[in-house]
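Residue numbers (the numbering used here), protein chains in the order written: chain A, 858 to 1013; chain B, 858 to 1013.
One thing to keep in mind: the hints can contain errors.
No copy is singled out in the list; a pair is fine if it fits within one copy or between any two copies.
Below, computed lysine to any residue pairings styled on SDA-like, alpha-carbon distance capped at 20 Å [said to hold, decoys possible]: (1) K915 / G943; (2) K915 / D900; (3) K915 / L957; (4) K915 / Q972; (5) K915 / W901; (6) K915 / F973; (7) K915 / P937; (8) K915 / H956.
Rather than coming from a laboratory, the hints here were simulated on the basis of the structure.
Number of protein chains: 2
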Amino acid sequence: MSLDPETLQAARQQARDMLVCAGVTMTDQEFHALDIADFALGDWTQTGLIELVYVNTKRCCAKELVLFSGQTCPEHRHPPVAGEPGKEETFRCRTGSVHLHVEGHAEIVLRPGEQFTIMPDTLHWFQAGADGAIVTEFSTRSRDELDVFTDPQIVR
Amino acid sequence: MSLDPETLQAARQQARDMLVCAGVTMTDQEFHALDIADFALGDWTQTGLIELVYVNTKRCCAKELVLFSGQTCPEHRHPPVAGEPGKEETFRCRTGSVHLHVEGHAEIVLRPGEQFTIMPDTLHWFQAGADGAIVTEFSTRSRDELDVFTDPQIVR
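Please work from the sequences and hints to get the whole structure.
This is the structure we're talking about:
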């Protein structure tokens, strides 16, 4: 994480404002635990993602993903782990819009109330529209540290 | 399902209004597919539940549960199935309040932004507070038809 403390704090507060607008109430503990990822690219306005993790057990996981205007989560896949298929994830757009690029599919644009399920081990990346996006992710267990990114410079 | 068409239609519309208030956008298809359960008890104002099912695959499931003022989802558990542990579910309150009764725990009251995870095969029941409740459920695969209810009169 290469973000300076001021940028981090501003990002956290902007994410909270967007979550409140989406009707998401979070605890103070959750606010302070927001996961802010710049993927070690040092290009936060272009490439970044904020996660509010609701639950992540051995069997299932749920998060809110917050993307600011035009921000991208770079291409990656979720490989099989320990004899299990990789992570399966369903993205449901809550506010704004998100452009989803999934291996084997034409571009998918999700607007509020629309969703798409990404199968395990499938390359995908996504970018928020001009108004940013709140996207709920319903999935199997999340192991962000095992995600395989196409860009070798990326550290998660 | 013993509800008459008028009651069903009113329930559907009230659920939609509550979901909109909670910031949940749903498609027309989802509105028409809302799952309305009276558990065959014929006592809808006391015992009932409406579900908006977002996704239910072999591996994970997510739903919004809608309960009207004081409505109860009766005691049940999710037994092991086909060599897998039963359903694991996390309830997160979005609006209103819900009183959760879980085997081995004192009563748990969830208000917006609060959540609790129920382990597999654990008896539980829940009741909305005076303002009703919207509760998001994040879980492993849902097989409502295999739930084991304590009251033998119940049909799901």
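How the hints compare with the structure:
1. K915 / G943: Intra 13 Å, inter 13 Å, cutoff 20 Å: intra and inter.
2. K915 / D900: Neither, since 32 Å and 38 Å both go past 20 Å.
3. K915 / L957: neither (26 Å within a copy, 23 Å between copies)
4. K915 / Q972: For K915 and Q972, only the inter-copy Cα distance (18 Å) is at most 20 Å; the intra-copy one is 24 Å.
5. K915 / W901: Neither, since 31 Å and 36 Å both go past 20 Å.
6. K915 / F973: Between. Shortest inter-copy distance 16 Å satisfies the 20 Å Cα cut-off; intra-copy 23 Å does not.
7. K915 / P937: both (14 Å within a copy, 16 Å between copies)
8. K915 / H956: neither (29 Å within a copy, 26 Å between copies)
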